[in-house]
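Peer 1: Just need the whole structure built from these sequences, with the hints factored in.
If you read the sequences in order, they're chains A and B.
Okay, so the first sequence: first residue is 23 according to the working numbering, each after it adds one.
Okay, so the second sequence: first residue is 37 according to the working numbering, each after it adds one.
Interface residues of chain B toward chain A, partial, derived using beta-carbon atoms under 7 angstroms: (1) 132; (2) 134; (3) 152.
One-sided excerpt, in silico: chain A residues whose CB lies under 10 angstroms from chain B: (4) 188; (5) 190; (6) 193; (7) 194; (8) 197; (9) 201; (10) 205.
Here are the computed distance ranges between Cβ atoms for each label pair: (11) B:117 to A:207: 32 to 42 angstroms; (12) A:148 to B:56: 55 to 65 angstroms; (13) A:270 to B:258: 52 to 62 angstroms; (14) B:63 to A:274: 42 to 52 angstroms.
For the record, the hints were derived by calculation from the structure and aren't laboratory data.
Source: prediction; values computed, not measured.
For glycine and all other residues, C-beta sits at the position ideal for the given N, C-alpha and C.
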Amino acid sequence: MKRSIHFRWLLVFTLCVSMFLVLPVVMSIMAGLTKNYFVGLSSGLTLDWVIKVWSEYHRSIVLSVGIALACLMCTLLLGIPAAYVLFKRSNAWTRTAEELLMMPVALPGIATALALITMYGAVGEFRSHWSFILVGHVLFTLPFMVRSVLAVMHSIELNILEEGARSLGASFRQRFFQVVLPNCAPGILAGSLMVLTLSMGEFNMTLLLHTPFTQTLPVGLADAYASLRIEVASAYTVIFFFILIPLLVAMQASKRLTQSKTN
Amino acid sequence: MPTNAPNESRNSGAHISLRQCSKSYRANRVLQPLDLDIRAGETLVLLGPSGCGKTTTLRIIAGLDTPDAGGAVLFDGQNVTAVPIERRNVGMVFQSYALFPNMNVGDNVKYGLRVRGYAPAEAHSRAQQMLAMMRIEELASRRIDQLSGGQRQRVALARALAPQPRVLLLDEPLAALDARLRDTLRVEIDRLLRSLGITAIYVTHDQSEAMALGDRIAVMEKGVVAQIGTPEDIYFRPSNAFVSDFVGTMNTILHNGARYLFRPEDIELVDRSSAQFSGTVVQRQFLGDHVQLAIAIDGNQEQRPVTARADSRTAPPLNASVGLTLRPSH
Chain A
23 MKRSIHFRWL LVFTLCVSMF LVLPVVMSIM AGLTKNYFVG LSSGLTLDWV IKVWSEYHRS
83 IVLSVGIALA CLMCTLLLGI PAAYVLFKRS NAWTRTAEEL LMMPVALPGI ATALALITMY
143 GAVGEFRSHW SFILVGHVLF TLPFMVRSVL AVMHSIELNI LEEGARSLGA SFRQRFFQVV
203 LPNCAPGILA GSLMVLTLSM GEFNMTLLLH TPFTQTLPVG LADAYASLRI EVASAYTVIF
263 FFILIPLLVA MQASKRLTQS KTN
Chain B
37 MPTNAPNESR NSGAHISLRQ CSKSYRANRV LQPLDLDIRA GETLVLLGPS GCGKTTTLRI
97 IAGLDTPDAG GAVLFDGQNV TAVPIERRNV GMVFQSYALF PNMNVGDNVK YGLRVRGYAP
157 AEAHSRAQQM LAMMRIEELA SRRIDQLSGG QRQRVALARA LAPQPRVLLL DEPLAALDAR
217 LRDTLRVEID RLLRSLGITA IYVTHDQSEA MALGDRIAVM EKGVVAQIGT PEDIYFRPSN
277 AFVSDFVGTM NTILHNGARY LFRPEDIELV DRSSAQFSGT VVQRQFLGDH VQLAIAIDGN
337 QEQRPVTARA DSRTAPPLNA SVGLTLRPSH
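Peer 2: Structural data, given as structure tokens:
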């Protein structure tokens, strides 16, 4: 009995906190789908705002997806070999390198962005090209890929698996592609989803790095809230949501997959 | 027990020599310069406590570690010191199995053949042969995480033997298994090693495993081989106190200026009147098939009580006065 009272209190508390967090999201989505936010739901539901956002901002949305995918490619190509080297050569140098790799996460995004602009802002067309934003995103997301892959490498005792493969006569190439990569797949998957999500939503750094021609989705969203009707900005949020939610769900699923694999 | 071993060419094993192989990590020398000869087809057990250098020795033979400058590893007289493990044609079995979780049992066993470029059909039939030899044909399509520890080690053995290595290296293969399974698999490995005629090096800290499997045993201590010889040599003629203690219990009685060294099974409990020594039972442990006694010997200047074995049904009670006589030594 005592326990059930305790349980009820916890339930009420949890629900309150959840409401506090979820309500603004629901309100925002509703605002994007109602005809007139100030009149309220009675004004009726519409997709007009969403369509308007798409027609005005689709370049930002496409650019964001493009940058996220390019960023994923870069972090895969850089992050997996980096994690492998950090795993194989565990010494003072590689540990320092691992810490340094985390720097862009520890520093405020604005600081990293300013550093990039000061250093490369004057280099030809680079500043106005979307790859300038890409560089910032790769800096920021790379540690998440490396950490994620590194964690799996440790948990599956990759060094012993590799010694097993070597004893069977496998060359470096063979064991890297047939043993290392397949067995690190859960970590690579989790890292990939993380990178996509972070790159899609990155605002801090991108706000400084972007130009009028390279506006990404979150920057566009801020712009919409600052300059347009609340319904348009909210409709923008709806689109953002529908891109991010599947990524987040997939991320949770892959986490479960990793845990069941390693247990 | 019938032998299902396929037509392996017998005595296909290599003769292995280590010449002045030492190993240091920074200033710490874990293996003192070692000369060792392992005859073709022989099973040599490296026995010792953890940190004695037995695994390092195995890894040097395998090619996973290189000896310090000046050391050499020879397979059939050919210097392979600089040859990495991938090209030494050795089979290796690990304590943690090291099976690939991304492949099923059959693909694990086939892996060594696949990287050697065997035709799929040939690899398949060879893998089937290996699984049959280990009596696990029915597991071929199982995932690794669906196997028990004993099954995993059988798969690991099948996988290591599939490419017909000249040397089989086993690093504490039974240490992760429970006692009953360990006994079963020990018998199986013994049968396998005898029927294949492969040169095998077996690392363990378990003296009964070493006795059961080794043609010869090298007892190691602090990076040095303390004694190398047949199990009988090691047990009955230990070269020093470390060896005699490590491979079983060794009792000492110092009596009237004479020193007696003997194993528990060399003691016969007899009537006090006709006994060589007399003493008191100070500890008694019932172990089912026998009773282990600690007996304080009267007039023994060595303080440690001697360990003796007695029949479960007729063993004297605690605090009893007993007489004991040493069986004439071998």
